[in-house]
Amino acid sequence: MAQASGKVDPMYQFTVEPLLGETWNIAGYNIAFTNSALWMTITAVALFIFMLGGMKRELVPGRWQMTVETFTGFIDDMLEANVGKEGRKYVPYIFSLFMFILFANLLGLLPVGLIGVHPFTFTSHFTVTGVLAIMSFSIVLIVGFWKHGLHFFSLFVPHGTPLPMIPILFPIELISFMVRPFSLALRLFVAMMAGHVLLKVLSGFVINGWNAGAGYGLLVGVPSFILMVGISALEILVAGIQAYVFALLASLYINDAENLH
Amino acid sequence: MPQIAQIAEIWSSQLFWLLITFGFVFFVIGKGMLPRVMDTVGMRDAQIASDLAAAQSARDAADQAEEAWRMRENANREAAQDLVGKAKAKAQKSTETKLAKVQAVIDTQLEEAEARINASRAEAAAEIETVAAEAAQDIAARLANVSVTKTAAKSAVKEAMRRG
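Going line by line, the protein sequences match chains A and B. Okay, so the first sequence: first residue is 1 according to our numbering, each after it adds one. Okay, so the second sequence: first residue is 1001 according to our numbering, each after it adds one.
Each hint should be verified, as a subset may be incorrect.
No more than 25 angstroms apart at the CA atoms, straight line, and that leaves these computed lysine to aspartate or glutamate pairs for DMTMM-like [claimed, not checked]: (1) K89/A x D1045/B; (2) K56/A x E1073/B; (3) K56/A x D1051/B; (4) K1031/B x E80/A; (5) K1031/B x D9/A; (6) K89/A x D1039/B; (7) K1101/B x E1111/B; (8) K1031/B x D256/A.
From chain B, some residues computed to sit far from chain A (all C-beta separations above 10 angstroms) [as the list claims (entries may be wrong)]: (9) T1021; (10) V1028; (11) G1030; (12) K1031; (13) R1044; (14) A1054; (15) S1057; (16) N1074; (17) E1096; (18) K1101; (19) R1116; (20) I1117; (21) V1148; (22) K1154; (23) A1156.
No wet-lab data here; the hints were simulated from the structure. Treat the numbers as computed from the prediction; the structure is a model and nothing was measured. Backbone N, C-alpha and C fix where the C-beta goes; we use that ideal spot for every residue, glycine too.
Bound conformation, chain B alone:
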């Protein structure tokens, strides 16, 4: 076993070169290079974390904006519906008033026309009475040679007309 057989002659050289090489590894690599590698990893982790945080806050902002937009949108829709309702009500009202006005005009016209008709009917009836009375006077004078006064003829006609 050379490890034991040679120990007396090699231990000092093994120790010396191990201290030099391991010292190099520890001070140059362990103390010099390793912290920078770990810094890089730490920086990357921090970058990823901050990016994630930024993404999260952007998402939150977007959510808030969407919420605000939705609320505004709802309000706008309500306002629009309100407006439409009001316009509808207004239109209905104006239509009703117009209709009422027109109806009133038509009614008055109708009344006037009826009055006119009634008047003309009454006139016509009166005329017919006069004509009938004169005709009755005339008929009585011609057929029976009886002279009937105008008033008597008139009342007789009235009597006859009432009976129909």
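Next up, chain A with everything else stripped away, as it sits in the complex:
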């Protein structure tokens, strides 16, 4: 945000500020309704409204219903392709995950700053992406141990491993398995934060360039602005891709648990 000095702090946009109930506590833990919580609510409501369009249940769908059905079909196909027939029972979870992240990413990119509202991308917080990753990973663990019992540990011994290699491969596979929730959480968090920081830095170039005079404005501000337009388009793409990657990896991990090897 442009502050009084004309400087732009690219990290300020990630600050969480309580809006309501600063003193709300449950068992000593603060649960203030923050700007982050506000955007989570907006995301959930926007997704709800979007889904209402798919509830018309017409035989010949309109555009809106068609769009909703495209998304549900997309997730359904993804799970069918990656997990198989048993994958259908995970469609509600993966669909919720995908749409929640997608809407959060896209809503965070809305240029509502123009009307004085601070957009907030809660997927750029690892407290959020971490919880989503841990939830997905927990499902993998629960399903894996529920279905296969202790046999689930054979996931860490790839097929056809020679016996002497098992003691070496098992820890490697175990570590790569345990890293999954972190990579899942960090990938989304970093991708969203990096894009927003980049946009803010470039907007700082535009503002400070023009403040320094018309020459700097033309030399620095205009190219930065053109770059910002391009990167904004790229960010929309990244918003979709990151939601897709999160959902795809979650379904791939579920596949490991569902179909052990």
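Using the hints, position chain B against chain A.
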């Protein structure tokens, strides 16, 4: 980096509100609305599949009906051709018999006529002979005063007529 700097004070609120909003998304949207949307898609797919199957069976029935019609048509045509052939043969036969009958009648008439002609010719010849004999008798009596008997005159005439 506020994500790290603020973590101690915000993590509980982030977790709480994320669980509430994502819980809403999962239970209301994922569990409530999504299956109905997918049902609609499934119903549409089933409808399309059954419509296609119905169209296919109708087409098969139409093909069968056409085949049956074609076979019936061919049979009918053959029967008709048969009938025409038979009628033609019958007509030819009856024409032939009629012609034969007529021919027979004509033949008999011709024969009768010829017989009649022959008879009249013979009669005429006989008459001519008699007349010639009488004329020869008469001529002989008048010119040579020789009385020739009727029988002699007759045989002489016959002799002369044979010689032509």
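Going down the list of hints, with the structure as the test:
1. For the hint linking K89/A to D1045/B, the alpha-carbon distance of about 20 angstroms falls within 25 angstroms, and the restraint holds.
2. Between K56/A and E1073/B, the direct Cα distance comes to roughly 53 angstroms. Violation of the 25 angstroms bound is thereby established for this hinted pair.
3. Of the supplied pair hints, the one linking K56/A and D1051/B holds, its CA atoms being roughly 22 angstroms apart against a limit of 25 angstroms.
4. With a C-alpha separation of about 18 angstroms, the suggested pair K1031/B and E80/A falls inside the 25 angstroms cut-off, and the hint holds.
5. Annotation: proposed proximity of K1031/B to D9/A is violated, straight-line Cα distance about 41 angstroms (limit 25 angstroms).
6. Taking the CA atoms of K89/A and D1039/B, the gap is near 14 angstroms; set against the 25 angstroms cutoff, the hint holds.
7. Pair hint K1101/B plus E1111/B holds up; C-alpha atoms about 15 angstroms apart against a cutoff of 25 angstroms.
8. Distance restraint check for K1031/B and D256/A: the Cα-Cα separation of roughly 23 angstroms lies within the 25 angstroms cut-off, and the hinted pair is therefore satisfied.
9. Its beta-carbon lying about 4 angstroms from the closest one in chain A, T1021/B breaks the requirement of being farther than 10 angstroms from that chain.
10. With a least beta-carbon separation of about 7 angstroms from chain A, V1028/B fails to lie farther than 10 angstroms from that chain, contradicting its non-interface assignment.
11. Non-interface call for G1030/B relative to chain A: violated, since the shortest CB-CB distance, roughly 4 angstroms, does not exceed 10 angstroms.
12. Remark: the non-interface label on K1031/B conflicts with the geometry, its nearest Cβ contact in chain A lying 5 angstroms away (cut-off 10 angstroms).
13. Listed as a non-interface residue, R1044/B fails to keep its Cβ farther than 10 angstroms from every Cβ of chain A; the least gap is roughly 6 angstroms.
14. With a least beta-carbon separation of about 16 angstroms from chain A, A1054/B lies farther than 10 angstroms from that chain, consistent with its non-interface assignment.
15. The claim that S1057/B lies off the interface holds: its Cβ sits roughly 21 angstroms from the closest Cβ of chain A, which is beyond the 10 angstroms cut-off.
16. Distance check for N1074/B against chain A: the nearest CB is about 45 angstroms away, which clears 10 angstroms, and the non-interface claim stands.
17. With 10 angstroms as the threshold on Cβ separation, the claim that E1096/B sits away from chain A holds: the shortest Cβ distance comes to roughly 76 angstroms.
18. Separation of K1101/B from chain A is adequate, the least Cβ-Cβ distance of about 82 angstroms exceeding the 10 angstroms criterion.
19. No Cβ of chain A comes within 10 angstroms of the Cβ of R1116/B; the nearest lies about 103 angstroms off, and the non-interface call holds.
20. Once the 10 angstroms rule is applied to beta carbons, I1117/B is consistent with being away from chain A; the minimum gap is 104 angstroms.
21. Listed as a non-interface residue, V1148/B keeps its Cβ farther than 10 angstroms from every Cβ of chain A; the least gap is roughly 136 angstroms.
22. No Cβ of chain A comes within 10 angstroms of the Cβ of K1154/B; the nearest lies about 128 angstroms off, and the non-interface call holds.
23. The non-interface label for A1156/B is consistent with chain A: the shortest C-beta to C-beta separation is roughly 131 angstroms, beyond 10 angstroms.
Hints 2, 5, 9, 10, 11, 12, 13 from the list above are not met by this structure, while the remaining hints are.
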